[in-house]
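2 protein chains.
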Amino acid sequence: MLKVPNHQVAGHQAGDGKLGPLVDDSGHFCKPLQSDDRGSKEVFFYTSFSSNTNIPNHIRRFFPTFHGTQLIEASNGSGKQPHLVLQDIFFGRLNPSIMDIKIGSRTWDPEASEDYIQKCFMKDTKRSSLALGFRIDGLQIYESEGSGFWKPDRQLIHEFTAEDVRLVLRKFVSSNSSAGVDPDCTFASTVYGGSGGILAQLLELKEWFEHQTIFHFYSCSVLMVCEKESVVKEMSSGAEVKLVDFAHVVEGKGIIDHNFLGGLCSLIKFISEILTCSDVHTAKASLQDPRKNYIYTNCDTDN
Amino acid sequence: MLKVPNHQVAGHQAGDGKLGPLVDDSGHFCKPLQSDDRGSKEVFFYTSFSSNTNIPNHIRRFFPTFHGTQLIEASNGSGKQPHLVLQDIFFGRLNPSIMDIKIGSRTWDPEASEDYIQKCFMKDTKRSSLALGFRIDGLQIYESEGSGFWKPDRQLIHEFTAEDVRLVLRKFVSSNSSAGVDPDCTFASTVYGGSGGILAQLLELKEWFEHQTIFHFYSCSVLMVCEKESVVKEMSSGAEVKLVDFAHVVEGKGIIDHNFLGGLCSLIKFISEILTCSDVHTAKASLQDPRKNYIYTNCDTDN
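As given, the protein sequences belong to chains A and B, one line each in that order.
Quick note, the first sequence lines up with residues 471 to 773 if you use this note's numbering.
Quick note, the second sequence lines up with residues 471 to 773 if you use this note's numbering.
Please keep in mind that the hints were generated in silico from the structure rather than gathered at the bench.
Since the model is a prediction, treat every value here as computed from it, not as a measurement.
One should not assume that every hint holds.
[Said to hold, decoys possible] Listed below are the simulated DSS-like cross-link pairs for lysine-lysine, each with C-alpha atoms no more than 27 Å apart in a straight line:
no., chain 1, residue 1, chain 2, residue 2
1, A, Lys723, B, Lys739
2, B, Lys596, B, Lys712
3, B, Lys596, A, Lys723
One chain only, chain A, in its complex shape:
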């Protein structure tokens, strides 16, 4: 009944005798507890978050539902091992496009060991975290029935510059996401925009992060999900934001999570710019040629 997930874009992956998460056919995502203190830290977070009555419901929906821990036959054949049983975010999704974005210019908490800080610091500097306040950690973008998904390998993702990140965020909402083509941002207004879109969800999260002093979320990811086919069929875009990976969450001790908030605001700015840009061009295109619904040209924004 348990199998390797179809839509995992980052983190340890099961298969080939390796330990990784498994999903069942009723919407559960079983994540093996990491053997060092990261496993216990993540259990502690989910337990404490679930029982904390100060988390508003409109914020709770951004977190996977927690169903406790369970001994489950591990994917690497090592027998029954403790797993977190969580909501499978992609359950029932048709060809979801997914981005895993690790938030924060720094991915280590101040209580971490010197060695660990040094390791993370090097990674944050080398990748885009330090510069952008976030980095893309994994992605798959649905292209078409024929070509399936664009899922660049880890090495390529690790080398993303600020401009690559900008491009990939545009590809995520484009009907022409193949290499070498200017992304058309066709789906920007439905996936990123609108009252239920990704930008609105990120802004809701931002508002909470401006006030909450309960947790600091180091090395935690924002998952952005959408289904382009649904947009084409004029159904909902399935645009959804979820927070995942809580092995480095620490207590906030009365201080806001300025590291997460800063990075989140930076991501929001990138997405707002894509929306502004695609709005401008949609409007322009409609004026010039009412048969065209969108057009892409370079969009320079001033500040």
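Please build the complex by placing chain B on the supplied structure of chain A, with the hints as guidance.
Positioned in the frame of chain A, the structure of chain B alone reads:
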């Protein structure tokens, strides 16, 4: 005509043959150019900021007016040296209370040398920058005609914990700021609150930082100023916010300054809590005893 400023709380200070800023009697603050590239960087910032037409006027007022550079007799007797000629922020102020708050959990820019990064990193960790996203770098709080100012020495300020910062931010708006007394936050609603208060000004800055991608302000300070005596005489509180120290400003390259923004939001949260707390107690006190205008008790806030 040039003299050592009366109200300097941080940075290099003139006097005793040392090089430091001087003020004249017509509202100018002359800051010697630092001899390494920090001097030229600060001149570059002021020049570029002054001529940039994308800076809105309501934001420009948060920066000291720039009157160019000039050769001026240096305070250390080394003859004529180049100085930045800036607006003297404290000109005409009567016993101003001042806080110099260095914003950002990190005070070094990504292009700095490894040695410099290491030096700043140690300092940011040891002091409150890493934890709070900002640190108090200097302060003077006016107490009374008899006792003058409370101006703790640098060593004490360098040892401020999160709780000390919270306390000092309350002392800043209290009529009883002496040691060992619970600050009464008498002036919180006039200095921090209100449409012209410090919180409103910080929120205006925050809004700009959510969008501006022109500059990244590393190691830059927010100065908060007020005049308690003016409040007592029922005049304006003179509450003012200014940004100073731009020797480590770098180009934003299309990315928001998430390091500054995160720290600014953290400071905003500290100040909002003081306001909420003092509001609650003012209301409580007025209900219980109409002769009392305020009262202080511990204020625990939930999230």
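Going down the list of hints, with the structure as the test:
no.	hint	verdict
1	A:Lys723 <-> B:Lys739	holds (13 Å)
2	B:Lys596 <-> B:Lys712	holds (26 Å)
3	B:Lys596 <-> A:Lys723	holds (17 Å)
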